[in-house]
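> If you want the building blocks of each chain, they are given just below.
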Amino acid sequence: MARRRITRLLGLAAVAALALTAGCSSSSKSTSSKDTAAKPVTLTFWGTYGNGGNKAQTDALSQSIIPAFEKANPNIKINYVDIPYDSLLQKLTTSAAGGELPDLVRSDIGWVPKFAALKVFAQLDGKLASFSTLSADNYPGSLATNKWGEHYYGLPLDTNTRVLISNTTALKSAGIDAPPATFDELKADAPKLAAKKISVFADGGLQGWNVYPWIWSAGGAVTSPDLTKASGYLDSPASVTGVQLLVDLYKQGAIPNLIIGNKGAVQTSDGLPKANYATILDGPWMAAIWQGQYPRFTPTYSQVPAGPGGSISVVGGEDINLTTASKNPDAAMKFLEFTQSSDYQLAMAKTGQMSVVKSLDSQEASTVPAFAPYIKQLQTAKPRPSVPQAPAIDTVLQNELTKAFQGKESVQDALTKAASEIDPLLTATK
Amino acid sequence: MTALVDSAEPRVQPAAGGAGRVRRIPGRRARSNLTAYLFLAPGFLLFLALIIYPMIKAFQMSFYDWNVVAGATSDFIGWTNYQQAYHDPVFWRALQNSALYMAFTVPPQIVLGLAVATLLNNKAPGRALFRVLFYLPVVTGWVVVSLLFQYLFADSGLVNWMLHDVTHLTGHDISWLSGRWTGMVAISSLGVWKGVGWSMMIFLAALQGVPKELLESAEVDGAGRWQRFRAVTLPAIWPAAVFVTVMLVIGGFNVFISVILVTNGGPADSTQVLLTYMYQQAFTNLNFGYGASIAVLLTVGVFVLSAIQLRMFRADPEVLA
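Protein chains in written order, with our numbering: chain A, 1 to 430; chain B, 431 to 751.
Quick caveat, the hints were computed from the structure, so don't treat them as lab data.
A hint or two may mislead.
[Unchecked claim] BS3-like, lysine-lysine: derived pairs with alpha carbons at most 27 Å apart:
#1 Lys350(A) to Lys71(A)
#2 Lys91(A) to Lys487(B)
#3 Lys334(A) to Lys39(A)
#4 Lys229(A) to Lys403(A)
#5 Lys274(A) to Lys251(A)
#6 Lys119(A) to Lys487(B)
[Unchecked claim] So the derived list for chain B, only partly shown, Cβ under 7 Å to chain A, looks like this:
#7 Asp585
#8 Gly696
#9 Thr714
In this text the structure is predicted, and so the values were computed from the model without any measurement.
Ideal placement from N, C-alpha and C gives every residue a C-beta, glycine not left out.
Work the whole structure out from these sequences, hints included.
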């Protein structure tokens, strides 16, 4: 009798287990509703505003920006989900595989072509009525990161670039009055700082974000203007000069091996305030980080050291994208439009995210004076090639250039090899 | 094997004789079997859903240019992913590094684990405390200890401080995580430190099963400490030693968390192991087909290696005895 009861219980347990697994697969479809006008809809929005414990941005979003949008659009609720920056790419990928995507994503500008090619992000031009008006007011470099093929798969959300940030105390200890403004000044400062055991410059990698400013400032190029070829551009004599500058300094010991990916080296965010490093290239988010961790450190901002090609930095930032899985694209597009308004852009600017809307330029500069060096640098900054294989291009650069830094290859050979590996990645369609 | 079959046969025959009993027994057996199956069912269903299905799926993916998006079509490309692996220098380096990690970590874990277990098997004060201390790294999370070792082996970390500033064993600070060999040393020492407690635990349990009478009679016969260990203890714990070796080799090839956190496979893929490379291909480059083919190759490799080990170790106790 007892055994029969146990058997029955087990049977029930097995049925329950089956029901559970079945429930998992069907629950996802329950949220669908077509009639957006009548019923209130909830849009899920994934972003990385809170990265590094940055509460100022998530607070601005949840306490003022989203409530303002919801007040103007009573039928739409925004459910913002903050995801750590390092896991968003993976989460997007696995969610795309599982068909469990949010409606809106604030994605790194480097990922958009990949997800556009995978048909995860939806085309906006021709679908969003106000697209041409809105995009006309965006910085071209930021807008370009949304283009894949002939169409646009998002709108710029925020932008940034790298400028030279210096520790003037470190510079002064070596008798240097001002941050290096040119390649030559950087070279001349290196031995003076080395005598005080300070690295003249430090960076955390050899990817496009890290080395393109030096290549462009040297007068070099990364690809052909139509983004189809790196050979002949990335390995041109001018491009070689830019990288050679860094390699020479590295070999003198004036740049630490953090740049080749030594995870045991002092990070730039610590090394600059601690005066291990005199200068670094970094973005507008650093100010808030140092305010918290090194309140006594006063960073000095200046333009990327100029070479024969001028002072040219790299464009960073985020785009906002609508996913093809969204059940409420019309409502989501209303939020997309809202992100381009001054209510959104200037509120976010106050928390450290630079605006992508040209017509808000002067308002932004007066609201956040600290952005001035970045706004100036952005006038000439260039975007990285916007292609689906962008992550693979970065891997090639990091690996080939490491060999040049380690002295295993000449800079010319490393760049020629990298360019030949990058050529097929530029034209890859997914 | 043959002896077993011979002795089993006579037992089967009488059952065929009594017709009445035969009919009832299968009924009861079927019911008791049903109970057993029901007990097995939840675990087996989970095993099917979470282990077997993903394995088959990964095997399938390895023959495709896999499109990750749900419902999208993927192109069948045959052996292309495997050919890519064959021609990929980073794949071979990752394989070498995985093998290297195994070679650096498995023997020390066995020797140290056995040594610690032998010491802690004696009645000594504080024995329980030491057992806990040696086992503590095993139950501590990989992420925690990996970050800890990254700090220890940092350029201005404790290891350099000990080697250079305190003992002057090295003339300058070593940049451990910036080179392939020094990086592998850091990762491997983490593996050994974290793993010794586990092999110690298995060996301790096995040592409890060594017959005391045999040890005593060997001692009466004049066998020394080492002879007793070699002739009595070692054969008795041999099955445990085989188990530990096979599991450690499998674990060694599957090293992942420590590498991705301590060096992230860098600089320039120099400390890449198979699983970190697979992860990079799949989740950074979204090249799931190629990633899956690396996973399949790893599985085949580990399977073959385990089969060889089991075959090799089978005859050994007699040789030792």
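> Please go over all the hints and tell whether each is borne out by the structure.
Each hint tested on the structure:
1. Between Lys350(A) and Lys71(A) the alpha-carbon distance is near 22 Å, which keeps this suggested pair within the 27 Å criterion.
2. Restraint check for Lys91(A) and Lys487(B): the C-alpha separation of about 20 Å stays at or below 27 Å, so the hint holds.
3. The suggested pairing of Lys334(A) with Lys39(A) holds, with an alpha-carbon distance near 16 Å, which does not exceed 27 Å.
4. Simply put, Lys229(A) and Lys403(A) have alpha-carbon atoms about 22 Å apart, close enough for the 27 Å limit, and the pair holds.
5. Using a Cα cut-off of 27 Å, the hinted pair Lys274(A) and Lys251(A) holds, with the two alpha carbons roughly 23 Å apart.
6. For a cut-off of 27 Å, the pair hint linking Lys119(A) to Lys487(B) stands: about 22 Å separates their Cα positions.
7. Evaluation of the Asp585(B) hint against chain A yields a held restraint, the C-beta minimum of about 5 Å falling below 7 Å.
8. Using the Cβ-Cβ criterion of 7 Å, the hint placing Gly696(B) at the interface with chain A is satisfied: the shortest such distance is roughly 4 Å.
9. Interface hint at Thr714(B): satisfied, since its Cβ lies 5 Å from the closest Cβ of chain A, which is below the 7 Å cut-off.
Checked against the numbered hints listed earlier, the structure breaks none of them; every hint is satisfied.
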